[in-house]
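Construct the entire structure; sequences and hints are all you get.
2 protein chains.
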Amino acid sequence: MDATLSDGVVRAGKQAREQFYDSSGYGRPVDAGKLELAPVEAAHLLYRGDLDGVDGMGLRELLNSALLSEVDFFVYKDLRDRGFYCSPARSERVADPDGCDFVVYPRGKGPWDDAVAHRIRVVSERETVPAADLGACALAVVDEESEISYFETHRPDVTGTSRSSVPETDGDLLADRVVCWDPPAELYEAAFYGQPLDEQDAQAIQLSLVEAAYLAGTGTLHVEGDADAVIERGRAVEGDRFDRRLAVYERLREQGVAPKTGFKFGADFRTYADVESVADLGHSELLVRAFDAGHVFEPRDLALDVRLAHGVRKTMAYAFVGDEGIDWLAVERLTP
Amino acid sequence: MDATLSDGVVRAGKQAREQFYDSSGYGRPVDAGKLELAPVEAAHLLYRGDLDGVDGMGLRELLNSALLSEVDFFVYKDLRDRGFYCSPARSERVADPDGCDFVVYPRGKGPWDDAVAHRIRVVSERETVPAADLGACALAVVDEESEISYFETHRPDVTGTSRSSVPETDGDLLADRVVCWDPPAELYEAAFYGQPLDEQDAQAIQLSLVEAAYLAGTGTLHVEGDADAVIERGRAVEGDRFDRRLAVYERLREQGVAPKTGFKFGADFRTYADVESVADLGHSELLVRAFDAGHVFEPRDLALDVRLAHGVRKTMAYAFVGDEGIDWLAVERLTP
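Chains H and U, in that order, give the protein sequences.
The first sequence begins at 1 in UniProt numbering and counts up by one.
The second sequence begins at 1 in UniProt numbering and counts up by one.
Think of the hints as simulated: they come from the structure by calculation, not from any bench.
Check the hints yourself; a few may be wrong.
You can't tell identical chains apart in this list, so a pair holds if it fits in one copy or across any two.
To be verified - With a straight-line Cα cutoff of 20 Å, these simulated EDC-like cross-link-like pairs (lysine to aspartate or glutamate) come out:
id : residue 1 : residue 2
1  : Lys34     : Asp52
2  : Lys14     : Asp182
3  : Lys109    : Asp274
4  : Lys314    : Asp301
5  : Lys264    : Asp301
6  : Lys314    : Glu285
7  : Lys314    : Asp240
8  : Lys264    : Glu145
9  : Lys264    : Glu152
10 : Lys109    : Asp22
All values reported here derive from a predicted model rather than from experimental measurement.
Printed below as a string of C-alpha cells:
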C-alpha cells in the first residue's frame, strides 16, 4: 500500500484507515473515510512493511528527510514494541499536549478511548531539559546508541512528622562545624540534629554548618556571632550553594522532615519524614539536590542521580530555589 | 601528664616518649629524650585521656584554636580507631609528603619502619580538589556530619586488545547519528562499532556521532561532508564537550579499548578492553568521564561517580584532555 505526502502530513485511503487506524491505532481519520498519518507513524508502518512507500520514499529516505527526527522514531518504535498504542502529541489529535511528544494509551486502549497511561517527552542524550518542563510528563532519553531510558516525573508533597523544636543550647563555631559540648538530649536523640562527636560517648554533639545556621536562626543555638557568623563561614567555602542548601534545609524542617547530609549518595541531603527517635530510625526516603530556579538538566546527570537513588531504595527529589519559594520535582525510573 | 606548646609544636618529656612514641607511634623523638607532638597527635592523646592538658588546654580548647583543623582530627582519630599508626605528613618527619596530610603505616608497623600503607589527603566535603593533586594518594573526605569516605586514586594504564580497523563503508548522516545501511559484518560484530538499527534484523548499523567522527576521520566511513560534517553536528548540540569526548574516544580506540556510551551510568563511556566478538562480549571494565585538563573536583561528584561505578562492578576513570595529551586518573572506594 502507498501513501502520499503533502505539507508534512501523510495521507492514505479507506483501506489504510481500516487496516491501520481501526485495528492498530495509527493515524487520525479524516473526511471521506481517509486517514492522516504523522511522519513517525508512516515511518513505523514502512519499517513494518505495512506501507510500501510514501510518495516513493522508504524508511531510509524518510529518516534522511527533515520530516522526521530519528529520536522520535526510536521512541515510537520502542513503545509499539512494548505493546502500546500511542499518538504524536504535537498535533491537533491531542488536547493539551503539555510539553509532551507522545501520548501513550493504556495497554489494550487506543486513540478512540479517553484514558492516557503516559505523556512522554522525547530528548536525545545530548540535549538539555529545563526543569520547568518536567513534572507532568515522563521523559524518554535516547542515548547515543539509541537505547531508551524512561523517567517518570512528578511534583511531590514533601512533608513529615519529624520534630524540629528543641531546648536552647550553646555551641562553639569551629572551622567547618559547630560543637555543642553539653546539649539537651533531645537535640540529637529526638530531633536528629547533628552527630555525636564520639560514638562511644554521645555527650558532645557536632552540628553541620547548615544545621547550625538553621538552629541559630530560630534562636535555639547560641553561638558567637549568631547565625550570621555561621552563614558567613558556610558561604566562605561554598558560596551561593550554601544559601541554596540552607533555604532547602529550612523548608524541610518547617515541613516536618529531617534532612541529613546526602554526601555518600552524591546529593545535598537524604531525608527522614517521620523521626520519632534516633534509636529507632527508619530508612531515609528521599535524596535531595538543591538547584536554582531555572535549572536546566543534562539527561546524563539525571540518569546518574536516579540510578543511584534507585539502587539505595530512595526517591530522587530536586528542590529549585527561587524568589517565589521552593519548587519540588521527583524523578524515578519508569519501565513502561 | 601535661605537655607544653611553643611555635605550634607540642613538647613533652621522657616519660611521654616512652609511653606515646615507643609504644604507640605518636610524635617524633628529639634531643634529650624528649618528644615533639603535632597538634593533631596531642588532640588525640587529650581525647584518649592520656594527656591531661597542653599548656592548660583540653581537647575543646585545642579544637577552638587555630592550631588544629577538626577535619584532620576526625581523620586521624578514624585511622587510629581502625588500628593504624600514622604521622602528619606536612612536617619534617616525612620525606616527600607528596601533597598528602597523613602517612599511614601498615598495621603492626609505625614511624620507626620504612613501609607505608597509605598516603592520605584530607578534605572537607565542602572543599574542591584539583585533579592534578590526585593519583599518588588516597583522599579522605570528611562530610558535614564527620563521616569519612576514603578513595584510592591512581594513574591507570588504559590499554586493551580490541580491534579498531574494519573495511570501509558508507553512511547517512541523520540529525543525531549515522546509519550504515549495508556495512561489513566486522563493523559491529568484530569491532563493536554502533548498534543494529533493529534487534531482529542486524543489517543496518547506526553509529553515534562520536563513533562516526572517528571512523570518518580514519577514512573507514564515507559520509556526506566527511568527518567535518559529523563533528559540526556534534558540536552544534554539545559544544566543546563533543571535542573532548572525541579526543578520548580516539585515544581509547588507538590503545585497543572499545568505548561505548556510558549514559545509563551517567558517564561519557563504558569501555571494553578485549572485545573478540560482540556475540561473546565480556563485562565492561571502566566508566569514563572526559574533562578538561585543570579540572577541579567537587568531592560530592566523586562520591556519586565512584559509588555508582562500584555498584555495577566497574572502575571509575577520568580522562583529562589538554594540549599535551590525555592524562588518566582512576578512583576507587577504599576501606583502610
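Here's how the hints hold up against the structure:
1. In the homo-oligomer, the alpha carbons of Lys34 and Asp52 lie at most 20 Å apart inside one protomer (17 Å), although the nearest pairing across protomers, at 94 Å, exceeds that limit.
2. With identical chains, the CA atoms of Lys14 and Asp182 are never at most 20 Å apart, being 84 Å at best within one copy and 35 Å at best between copies.
3. Within a single copy, Lys109 and Asp274 get their C-alpha atoms no closer than 40 Å, and across copies no closer than 47 Å, so neither meets the 20 Å cut-off.
4. For the homomeric pair Lys314 and Asp301, the shortest alpha-carbon distances inside one copy (17 Å) and between copies (18 Å) are both at most 20 Å.
5. In this assembly of identical chains, Lys264 and Asp301 lie within 20 Å of each other by CA distance both inside one copy and across copies; the values are 16 Å within and 10 Å between.
6. In this assembly of identical chains, the alpha carbons of Lys314 and Glu285 lie at most 20 Å apart only when taken from the same copy (5 Å versus 27 Å across copies).
7. For a Cα distance limit of 20 Å, the shortest separation of Lys314 from Asp240 qualifies neither inside one copy, at 27 Å, nor across copies, at 34 Å.
8. Proximity of Lys264 to Glu145 under the C-alpha cut-off of 20 Å is restricted to the inter-copy arrangement: shortest distance 11 Å between copies versus 30 Å within a copy.
9. When the C-alpha separation of Lys264 and Glu152 is checked against a cutoff of 20 Å, the pair qualifies only between copies, where the shortest distance is 16 Å, while the shortest distance within a copy is 24 Å.
10. Within a single copy, Lys109 and Asp22 get their C-alpha atoms as close as 12 Å, which meets the 20 Å cut-off; across copies the closest is 80 Å, which misses it.
Violated hints for the displayed structure, listed by number in ascending order: 2, 3 and 7.
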